[in-house]
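**Q** The primary structure of each chain is shown beneath.
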Amino acid sequence: MTTSTALLFADLTGVAVFAASGASAAVAKRLDLFGVIFVGFVAALGGGIFRDLVIDEVPPLAFADWRYAVTAAVTAGIVFWFHPQFARLRTTVLVLDAAGLGLFTITGTLKALEAQVPAVGACFIGMLTAIGGGLGRDLLTGEIPVVLRREIYAVAALLGSVTVVVLDFAGLTGPAPLTAAAALVFGVRLIALRRRWSAPVATAQPRVGRRPAGGS
Amino acid sequence: MTTSTALLFADLTGVAVFAASGASAAVAKRLDLFGVIFVGFVAALGGGIFRDLVIDEVPPLAFADWRYAVTAAVTAGIVFWFHPQFARLRTTVLVLDAAGLGLFTITGTLKALEAQVPAVGACFIGMLTAIGGGLGRDLLTGEIPVVLRREIYAVAALLGSVTVVVLDFAGLTGPAPLTAAAALVFGVRLIALRRRWSAPVATAQPRVGRRPAGGS
Amino acid sequence: MTTSTALLFADLTGVAVFAASGASAAVAKRLDLFGVIFVGFVAALGGGIFRDLVIDEVPPLAFADWRYAVTAAVTAGIVFWFHPQFARLRTTVLVLDAAGLGLFTITGTLKALEAQVPAVGACFIGMLTAIGGGLGRDLLTGEIPVVLRREIYAVAALLGSVTVVVLDFAGLTGPAPLTAAAALVFGVRLIALRRRWSAPVATAQPRVGRRPAGGS
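Chains as they are written, first to last, in our numbering: chain A, 1 to 216; chain B, 1 to 216; chain C, 1 to 216.
Read the hints as simulated data drawn from the structure, not as lab findings. Some hints here could point you the wrong way.
Identical copies look the same in the list; a pair holds intra-copy or inter-copy alike.
The list that follows gives simulated cross-link-like pairs (lysine to any residue, SDA-like), each with its CA atoms no further than 20 angstroms apart [unchecked claim]:
id	residue 1	residue 2
1	Lys29	Ser198
2	Lys29	Ala199
3	Lys29	Val146
4	Lys29	Ala73
5	Lys29	Gly142
6	Lys29	Thr141
Note that the structure is a prediction, hence the values are computed from the model and not measured.
Using the sequences and the hints given, assemble the complete structure.
**A** Put into structure tokens, the structure is as follows:
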């Protein structure tokens, strides 16, 4: 199996895992078959679509390579039909999800760097590639994105994207160091799950007055 | 009336219909005049903006041709002022909405194919062009997108986009076959409304444990 | 201080203000540190990212110039740690927010015109640049965007973007007239806050039947 074949296989595995996470969330919200497949599609490919739009790689890979959309749709359909059995695989899903997180962070950061995005921007794009689909999934299912509420998740991704940028500056963009970076994200995420690590939350405080309506 | 004039007229009719659907949803949510016009704008042009970003046709038509934005804004304003009378037209709106669905599916798929997007990607882009505005409308009004919850709606669009791709491969992209494809979407949607067809929903099941935070 | 330095300084001030508005909304929703920084990032840079995608200026400034992302992240972090004291500055924030609104409206409209976007489209893009971040902030925190519900906010921005387009046609795009346009938005917004001006809301009416599922 060549490197590129290995990469594609890994990439599609990540797509399948994230599609499953989206589909199971949609099933829990009682969405219909189409809704389940659609949320699975967004969870699996949303981050990558955002990444490709931002680095001007159009049409985004999700639309340019049929294997991505089909993998996401088929996986979501399977979850729709077999979700009770699937629910028992929750731990497996969490582990695969952590693997997908590491993978998408690294590939997203690399694509941004190849597209001449400066270091800081590439770190953000890499992280957004990894968490973007989950954000879309939660918005579509009417949830405040879980990634913003608790757990070390996006932080693990950010750690990975920063590592990739550093490796890139050091000229260490071979398979070995990049795999190590992905493993770092994977490891941090698993330990965070295991130890129930969470990012701090500000001390409670009642809302007072009105907040500014704006922002840009 | 030339073909292109006919197409523009049909296109703007679809814009007006979708703007009306967005505006009526916004009125029901007690949004102010600006909010009603904004949601109407998103419902009418959101899908097309997404389509144009994905196929790199920038600035998107919604910003490049003033007639689109003005049609959406004026229609939404009319709904704001006359919504009680408008509410009585619900059936008419549903029929016009089905017509808009067919139209936007066909034009969206064709534009994707012309932009050299491969077949599968073009099908998804065509469908997203047709349902994207409705998704945006529901997200802005704090609803889980109705298109994900019930009814044959997006599926009718997908059926139409697949048809267009097949016709394109067969070289049948003249007005007649394309009109037939639009009519197919229109018909399926109307029958689904009439017969209250819905996509299947997975058997109920209580949420257990935490779901993965991720996705890309 | 040169004009461009002044502009960058003003721009980053607007970024900081909007990041603060996003962060305070996130703190109120009990999001964790990452969530607060992320929502601050979206509130500060979301509108600009949308603007740059639509005018095909990629990668968007938010990713191309590290000072934007860092300003947003640092400001949000400060709000996270000092939000009780920050809450007391609410009036100050509202005033700064109004200033940011004026600034982003003007720069957004100008960039759209420079990118050859026609007048009407440029007006919408300028307004969306100014309100887009606030929309993203509210969607991420599970709120129907406040800008759609009440207050003269987006309307002030629209007034400013139309003014800029008119000035541009008149060839008056020097610092003086543009500053006047920004001051106009700033003033209208402050007076609206002071006088509690609101856009009209349609008379109440119970939802009947189902609304169309569509839109594009």
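**Q** Run every hint past the structure and note whether it holds.
**A** Now for the hints, and whether the structure bears them out:
no. : hint            : in the structure
1   : Lys29 to Ser198 : between (25 angstroms within a copy, 16 angstroms between copies)
2   : Lys29 to Ala199 : between (27 angstroms within a copy, 15 angstroms between copies)
3   : Lys29 to Val146 : both (15 angstroms within a copy, 12 angstroms between copies)
4   : Lys29 to Ala73  : within (18 angstroms within a copy, 33 angstroms between copies)
5   : Lys29 to Gly142 : both (9 angstroms within a copy, 15 angstroms between copies)
6   : Lys29 to Thr141 : both (7 angstroms within a copy, 18 angstroms between copies)
The structure is consistent with each of the numbered hints, conforming to all of them.
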